[in-house]
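Engineer: From first to last, the protein sequence lines are chains W and U. Yeah, the first sequence ends on 95 if you go by this note's numbering, and it's all consecutive. Yeah, the second sequence ends on 652 if you go by this note's numbering, and it's all consecutive.
There may be inaccurate statements among the hints.
Claimed, not checked - Part of the chain U face toward chain W, derived, beta carbon under 7 Å:
1. 438
2. 440
3. 463
4. 621
5. 626
6. 628
As the list claims (entries may be wrong) - Some chain U residues well away from chain W (every beta-carbon gap over 10 Å; in silico):
7. 379
8. 600
9. 618
Since the hints were derived computationally from the structure, they do not count as laboratory data. Just so it is clear, CB atoms sit at the ideal spot from N, CA and C, and this is done for glycine as well.
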Amino acid sequence: MTAVVRQDERQSRYCEVECAACGAVVRAAKFSVQHTSVQWDAAAVARCAEFERRTALGEQTPLIERCASMRESIEAAALSGRLPVAPPWLTGP
Amino acid sequence: MNDRSGVRSIDAGAPPARFARGWHCLGLAAPFRDGSPHAVEAFGTKLVVFADSQGDLHVLDSYCRHMGGDLSRGTIKGDSIACPFHDWHWGADGKCSKIPYSRRIPPTARTRSWLTLEQNQQLFVWHDPQGSLPPPDVTIPRIDGAYSGDWSSWTWDSLQVNANCREVIDNVVDMAHFFYIHFAFPTYFRNVFEGHIASQYLDTKSRPDIDAEAAQAAQARGRQPGNGADGAGSQIGLHSEAAYYGPSYMIDYLSYDYHGVPMDAVLINCHYPVTPEKFVLQWGVIVKKLPGLSAEQADKVALKFAKFVGLGFEQDVEIWTHKSRIDNPLLCADDGPVYQLRRWYEQFYLDVADIPADMVARHEFEVDTTRAVQAWEAEVAANLARMGTESA
């Protein structure tokens, strides 16, 4: 069996954001000031300093709500205009 | 998705032909230890659960490989389950251990034995269409409260639902339905999916309109209205951290205000599939004992909370049993990550080797609740005004 899973139609401009604290790079999108969508890859999770510190203390990364530094970096990117804050548009016919 | 006249169509799709890989909770363990075999219809077949002479629980396919008798209608004999049809005995390992009327057991006399796990006083079976064992990190975590005298006993309830179990999974990301279906008022909503775990962080505030309605109904029945503790609907500032560990077992750690006292509760929301179009939904609650509360009182608090949760699930079921399956939900900007959740969930229906890395990579999604909170505050105010007019 292979995966046939649909993609979210709410296309938005995902931008790379680098964490100012540790250099981990994620892809982030913001439909609005409060909304945030963040896609990590395994390399970014492995690089994240906060995740590393907390997993060393026995936590599992899936149960960590967020990395505070990455959130700050994403908010800074949005404030500076590098990360667009815009509602998604629909693709397709 | 829209035709030439601009009309959006629903792609209902079809439920997957196979069942999810993972640990599935069959219920509290203790009731299975009453000396009788128990039937569980699950995974498109019937299972038998029985306790051996040491009290260890075992799960086998219930249909006897001899002539198809139903082992769950049979008898526990020693460490085996005996078929009511011809008394063939089957051991925990799935091997036929005895055929009283025969000199010899056929070498092929072996049935399916299911891997079991007991955790949190609950019984789990491992389902894997590929027949593999679970990796060590794919397990059911221990809930400390379930092993502590400072907590109540488990409540346990279940409902059979005529729908594919993806419907209950979708709740993980469905912020708005908490207002319309579960009498809650979400103010904060965030999801994280990574590996085999899908989390939901939810803050809700109280619904004074629901409490007022409950109070009116209580008065109409000639009772003291009570202050909603009856329905846990009056919780102020409820904070919930819930996570699915695999495809079917969610642990929800809740903290809320109970008569001005901080309360801690754990809610289990789990299910197992019966057929692709039917599943059994189960939920259980434990609450931390308040100082000065007896074990019986704590159990009562847990029962009240479970009852409130049950009302919400009954409303879910009303929706699920009448709605269309939909593979192409039409989302607005303020909906949660339905597609990303379903992509995470799909991993349990694929062979392990076919799971792409990005399907299980970490994804975070925080919903903007600003507009929802505005709209719902107005709706609550309108409800209260209407109730005020009606009772005047």
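Engineer: Confirm or reject each hint.
Structural biologist: We went through each hint and held it up to the structure:
A least Cβ separation of about 17 Å between residue 438 of chain U and chain W goes past the 7 Å threshold, and the interface hint is therefore violated. This hint is violated: residue 440 of chain U has a C-beta 21 Å from the nearest C-beta of chain W, more than the 7 Å allowed. Contact between residue 463 of chain U and chain W, as hinted, is not supported at the beta carbon level, the nearest pair being about 12 Å apart and thus beyond 7 Å. A least Cβ separation of about 5 Å between residue 621 of chain U and chain W falls short of the 7 Å threshold, and the interface hint therefore holds.
Proximity of residue 626 of chain U to chain W holds as hinted, the smallest CB-CB distance being about 5 Å (cut-off 7 Å). Against a cut-off of 7 Å between C-beta atoms, the interface hint on residue 628 of chain U holds, since the closest Cβ of chain W lies about 4 Å away. No Cβ of chain W approaches the Cβ of residue 379 of chain U within 10 Å, the least distance being about 16 Å, so the stated non-interface status holds. The Cβ of residue 600 of chain U sits about 6 Å from the closest Cβ of chain W, inside the 10 Å cut-off, so the non-interface label is violated.
Residue placement check: residue 618 of chain U does not keep its beta carbon more than 10 Å from all beta carbons of chain W (closest about 7 Å).
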